[in-house]
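Undergrad: Position chains B and C relative to chain A; hints supplied.
Chains as they are written, first to last, in the working numbering: chain A, 1 to 134; chain B, 1 to 134; chain C, 1 to 134.
Please note that the accuracy of each hint is not assured.
Unchecked claim - The calculated label-pair distances, taken between Cβ atoms and stated as ranges, are: (1) T6(B) to M1(C): 30 to 38 Å; (2) N22(B) to L79(A): 45 to 53 Å; (3) S76(A) to G125(B): 23 to 31 Å; (4) N71(A) to T4(B): 42 to 50 Å; (5) P82(B) to R66(C): 26 to 34 Å; (6) T6(A) to S76(B): 27 to 35 Å; (7) N71(A) to H122(B): 52 to 60 Å; (8) T111(B) to G105(C): 47 to 55 Å; (9) H122(B) to G125(C): 34 to 42 Å; (10) T78(A) to P69(C): 17 to 25 Å; (11) G27(B) to E32(C): 28 to 36 Å; (12) G105(B) to T6(A): 50 to 58 Å.
In case anyone wonders, no lab produced these hints; they're calculated from the structure. Backbone N, C-alpha and C fix where the C-beta goes; we use that ideal spot for every residue, glycine too.
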Amino acid sequence: MISTLTLDIERQGLHDFSVELNAVVSGAELHEGLCTLFIQHTSASLLIQESYDPSARRDLELWLNRLVPENDPLYSHTLEGPDDMPAHIKAALTASSVSIPVMEGKLALGTWQGVYLWEHRHRPGKRRVIVHLT
Amino acid sequence: MISTLTLDIERQGLHDFSVELNAVVSGAELHEGLCTLFIQHTSASLLIQESYDPSARRDLELWLNRLVPENDPLYSHTLEGPDDMPAHIKAALTASSVSIPVMEGKLALGTWQGVYLWEHRHRPGKRRVIVHLT
Amino acid sequence: MISTLTLDIERQGLHDFSVELNAVVSGAELHEGLCTLFIQHTSASLLIQESYDPSARRDLELWLNRLVPENDPLYSHTLEGPDDMPAHIKAALTASSVSIPVMEGKLALGTWQGVYLWEHRHRPGKRRVIVHLT
Numbered sequence: 001m002i003s004t005l006t007l008d009i010e011r012q013g014l015h016d017f018s019v020e021l022n023a024v025v026s027g028a029e030l031h032e033g034l035c036t037l038f039i040q041h042t043s044a045s046l047l048i049q050e051s052y053d054p055s056a057r058r059d060l061e062l063w064l065n066r067l068v069p070e071n072d073p074l075y076s077h078t079l080e081g082p083d084d085m086p087a088h089i090k091a092a093l094t095a096s097s098v099s100i101p102v103m104e105g106k107l108a109l110g111t112w113q114g115v116y117l118w119e120h121r122h123r124p125g126k127r128r129v130i131v132h133l134t
Numbered sequence: 001m002i003s004t005l006t007l008d009i010e011r012q013g014l015h016d017f018s019v020e021l022n023a024v025v026s027g028a029e030l031h032e033g034l035c036t037l038f039i040q041h042t043s044a045s046l047l048i049q050e051s052y053d054p055s056a057r058r059d060l061e062l063w064l065n066r067l068v069p070e071n072d073p074l075y076s077h078t079l080e081g082p083d084d085m086p087a088h089i090k091a092a093l094t095a096s097s098v099s100i101p102v103m104e105g106k107l108a109l110g111t112w113q114g115v116y117l118w119e120h121r122h123r124p125g126k127r128r129v130i131v132h133l134t
Numbered sequence: 001m002i003s004t005l006t007l008d009i010e011r012q013g014l015h016d017f018s019v020e021l022n023a024v025v026s027g028a029e030l031h032e033g034l035c036t037l038f039i040q041h042t043s044a045s046l047l048i049q050e051s052y053d054p055s056a057r058r059d060l061e062l063w064l065n066r067l068v069p070e071n072d073p074l075y076s077h078t079l080e081g082p083d084d085m086p087a088h089i090k091a092a093l094t095a096s097s098v099s100i101p102v103m104e105g106k107l108a109l110g111t112w113q114g115v116y117l118w119e120h121r122h123r124p125g126k127r128r129v130i131v132h133l134t
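Okay, chain A solo, but in the shape it has when bound (with noise of 0.2 Å):
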């Protein structure tokens, strides 16, 4: 019912984890429910988004760091880097939990849709998605 995903993510940016997702979902052998996912961060995210082309993943990451660029002078956080708190801020305008209709077996996203972790900072590590499936 819980599955753990651990990530290894290198850097900034939209990464497509569909392959784990799917495999923890094709294993429950879930006909009809519900798939939740939670990010156990609070400087990435979780994303539904276009997946076919990606030059719109491309702009939505350009977009999104030139309305949250580094070196503000309006930040007093500034310990851990400069990619930190444009990190939080980001995480608090994004998703930090989805939850996906599970439909004949398979998540019920649509034809255009693919989900994503949303990377803020640019050396992250390891990351978290916990999967509940009921």
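TA: Same frame as chain A, but now just chains B and C:
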């Protein structure tokens, strides 16, 4: 337990679909539980928002259109029209799924809350929202 | 299975309600499951955020206040005070519902994660958060 709402959306903006949604919830004859909505698109989103005064919804749309304008020179993903990349960005900043408790057979919304599909494109057509009840 | 937390909120900003929330989760005596929170208001939201360093939360509030200022000439919805329309916009950009897995009887939060009510108005009063456990 799972239903699909197919909504005919004709223009950008907030679209109230509580009539369709409440019909699904009533039909389920669930006294207490959880209703999870998931939108199968990456250029529209789900929003719980002020239902009383339409001026609040208008300002919200105007504000987001100003934050994420069309024809921004940052965009490289432009083949599908000037409203496509802004639509993906707006969808990333808002919700793809939302969960609302069911109490006494009804969605436990606050006094001023309504459930909206927030369409980010100008000529969208059919939009699918999956409703999971448990 | 469903409880309502009524929180006394006195000012704008992030409010930690983990004491109240953990009491509900412990009381449910659920070993493994899912906890879904839903806020019954359109000018406050739910946020999973860094719990360790208060400077991160302060910067987050300052940043959002700069992005969505009061007295923006764009607003036509102004009858309920200068903090009302910004509050609706901030609520639309953040979460109305969030789902957190329960593992070994506790919310499966990451090491640095806390659960907050993000109040967007200056003198809010009572706020209701519904907690669904399954």
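Undergrad: So the hint says 50 to 58 Å: do the beta-carbon atoms of G105(B) and T6(A) match that?
TA: Given a distance of about 41 Å, which is not inside 50 to 58 Å, the answer is violated.
Undergrad: Is the hinted range of 34 to 42 Å satisfied by the C-beta distance from H122(B) to G125(C)?
TA: holds (40 Å)
Undergrad: State, for the Cβ atoms of T6(A) and S76(B), whether the hinted interval 27 to 35 Å holds or is violated.
TA: holds (33 Å)
Undergrad: For N71(A) and H122(B), compare the CB-CB distance with the range 52 to 60 Å and indicate the outcome.
TA: Taking Cβ atoms as reference, N71(A) and H122(B) lie about 37 Å apart, which means the hint is violated.
Undergrad: Could one say that the CB atoms of T78(A) and P69(C) fall in the range 17 to 25 Å?
TA: 23 Å Cβ-Cβ, so the 17 to 25 Å window holds.
Undergrad: Between T111(B) and G105(C), does the C-beta distance stay in 47 to 55 Å?
TA: violated (34 Å)
Undergrad: Given a hint of 42 to 50 Å, does the C-beta separation of N71(A) and T4(B) actually sit inside it?
TA: At roughly 46 Å between Cβ atoms, T4(B) and N71(A) fall inside 42 to 50 Å, so the hint holds.
Undergrad: Given the range 45 to 53 Å, decide if the beta-carbon distance of N22(B) to L79(A) lies inside it.
TA: Between N22(B) and L79(A), where Cβ atoms are some 50 Å apart, the hint holds.
Undergrad: For the pair T6(B) and M1(C), does the Cβ-Cβ distance stay inside 30 to 38 Å?
TA: Holds, at about 31 Å.
Undergrad: Are P82(B) and R66(C) spaced within 26 to 34 Å by their CB atoms?
TA: holds (28 Å)
Undergrad: Within 28 to 36 Å or not, the Cβ separation of G27(B) and E32(C)?
TA: This hint holds: roughly 30 Å between Cβ atoms.
Undergrad: Is the gap between the beta carbons of S76(A) and G125(B) within 23 to 31 Å?
TA: For G125(B) against S76(A), whose Cβ atoms are near 47 Å apart, the range 23 to 31 Å is violated.
Comparing the model with each numbered hint stated earlier shows that hints 3, 7, 8 and 12 do not hold.
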